[in-house]
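Visitor: Single-letter residue listing:
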Amino acid sequence: MADPAGDIDPKLLEFLVCPVTHGPLDYDAERQELISRQAGLAYPIRDGIPIMLPDEAREIKAD
Amino acid sequence: MTESPAHEDEYTDELIEFLESLWGWGFLSPGGPEEVARVLEGIDLSGKRVLDIGCGSGGIALSLARDHGAGAVVGIDVEGPVVRKAKARAAELGLAARVDFQQVAPGPLPFEAESFDIVFSKDSMIHIPDKEDLFADIFRVLKPGGRIAASDWMIAHDDAPSPAMKHYLEMEGLSFGMASPDRYRRAMKSAGFHNVHLVNRNAWYVGIAREELAQLKGPLYEKAAAASSPATVDHNIGTWTAMLSVLETGEHCPHHLHGLKPAG
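Those protein sequence lines, which keep their order, are chains G and P. In terms of UniProt numbering, the first sequence opens at residue 1 and continues consecutively. In terms of UniProt numbering, the second sequence opens at residue 1 and continues consecutively.
In short, the hints are calculated from the structure, not lab data. What you are looking at is a predicted structure, and each value in this text was computed from that prediction instead of being measured. Heads up, a few of these hints could be off.
[Said to hold, decoys possible] Using C-beta positions, here's what the derived DEER-type ranges look like:
1) Thr21/G x Lys217/P: 49 to 55 angstroms
2) Pro24/G x Ala263/P: 22 to 28 angstroms
3) Ser46/P x Asp9/G: 30 to 36 angstroms
4) Asp28/G x Gln215/P: 32 to 38 angstroms
5) Asp28/G x Gly264/P: 34 to 40 angstroms
[As the list claims (entries may be wrong)] Computed list of lysine-lysine pairs in DSSO-like fashion (alpha-carbon distance at most 30 angstroms, straight line):
6) Lys143/P x Lys11/G
7) Lys85/P x Lys11/G
8) Lys11/G x Lys48/P
9) Lys189/P x Lys223/P
10) Lys143/P x Lys189/P
11) Lys85/P x Lys217/P
12) Lys166/P x Lys143/P
13) Lys61/G x Lys11/G
14) Lys48/P x Lys166/P
Don't be surprised by glycine CBs; every beta carbon is placed ideally from N, CA and C.
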């Protein structure tokens with residue numbers, strides 16, 4: 001693994017949902033974010049820890 | 001969407017250091033890996049996908065992978081400092097590929113239905129006041145045939161706490177939502193669990209707590225004070241004294257609990 005502290009387990013992503021909408025999340029490996037398109041929120045992954053807190057999420061524009 | 005109030009960290013670095021000096025590396029509750037094994041008695045974790053609710057500083061989630069052969073463990077907690085500690089420890093032990101940690105908001109578990117074979121929790125559900133919602137949500141994220149195995153701090157009845165119990169709870173100063181074994185049992189059954197089974201661990205913990213208090217007042221004092229601070233240890237000697245009195249009356253009664261989500 002190139003970045004042992006960074007990447008998160010892809011298996012985890014199959015099960016993880018947005019805490020606001022309970023909808024799916026997309027993993028943005030470059031920005032280290034989990035994107036909930038339905039909620040318009042990007043949850044940060046800091047040092048490999050997904051921070052699933054709406055208060056900590058970045059608002060993103062719906063596309 | 002309902003906004004939950006922002007959660008403030010209650011398990012500060014100082015409290016974490018104090019508790020770990022008493023309970024061991026990565027443990028914020030008593031009994032060590034042996035008590036974890038007793039909670040899991042009769043349950044085979046090998047290759048299983050496990051959720052640890054209230055993972056704290058990670059010792060248990062890591063033990064589930066290392067000592068019990070769990071295939072994948074996800075530890076969740078509402079507090080940042082403990083989760084960061086847990087994550088660093090997974091890397092230290094070379095278990096980062098099998099054990100993940102996440103910081104979550106209080107409220108529904110952020111997982112798909114039927115995500116886990118086993119839901120584990122040790123002495124953490126006390127912090128979640130709505131037991132009915134909690135067990136309904138645990139039931140949801142379990143696969144059919146999946147099990148919950150947990151332990152938690154309980155109060156023997158659903159009436160107002162006795163003055164001694166109130167005093168103890170004030171000493172703890174943590175946001176506890178204590179409930180009775182009866183309420184847990186009802187909440188688990190109404191969530192749909194079968195084979196609901198609770199075991200009172202009061203007698204075990206009275207003995208342990210007496211020993212812990214003697215240690216804190218004696219041989220462990222210096223070490224615990226160095227890890228946290230003398231004021232923290234002094235305060236906790238008061239907390240332990242208050243706790244022991246309600247353990248001895250049986251009003252404070254840790255329990256193990258088990259339940260099965262029926263297959264199909």
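Visitor: Check the structure against each numbered hint from earlier and tell me which ones fail, lowest number first.
Guide: 3, 4, 9, 12 and 14
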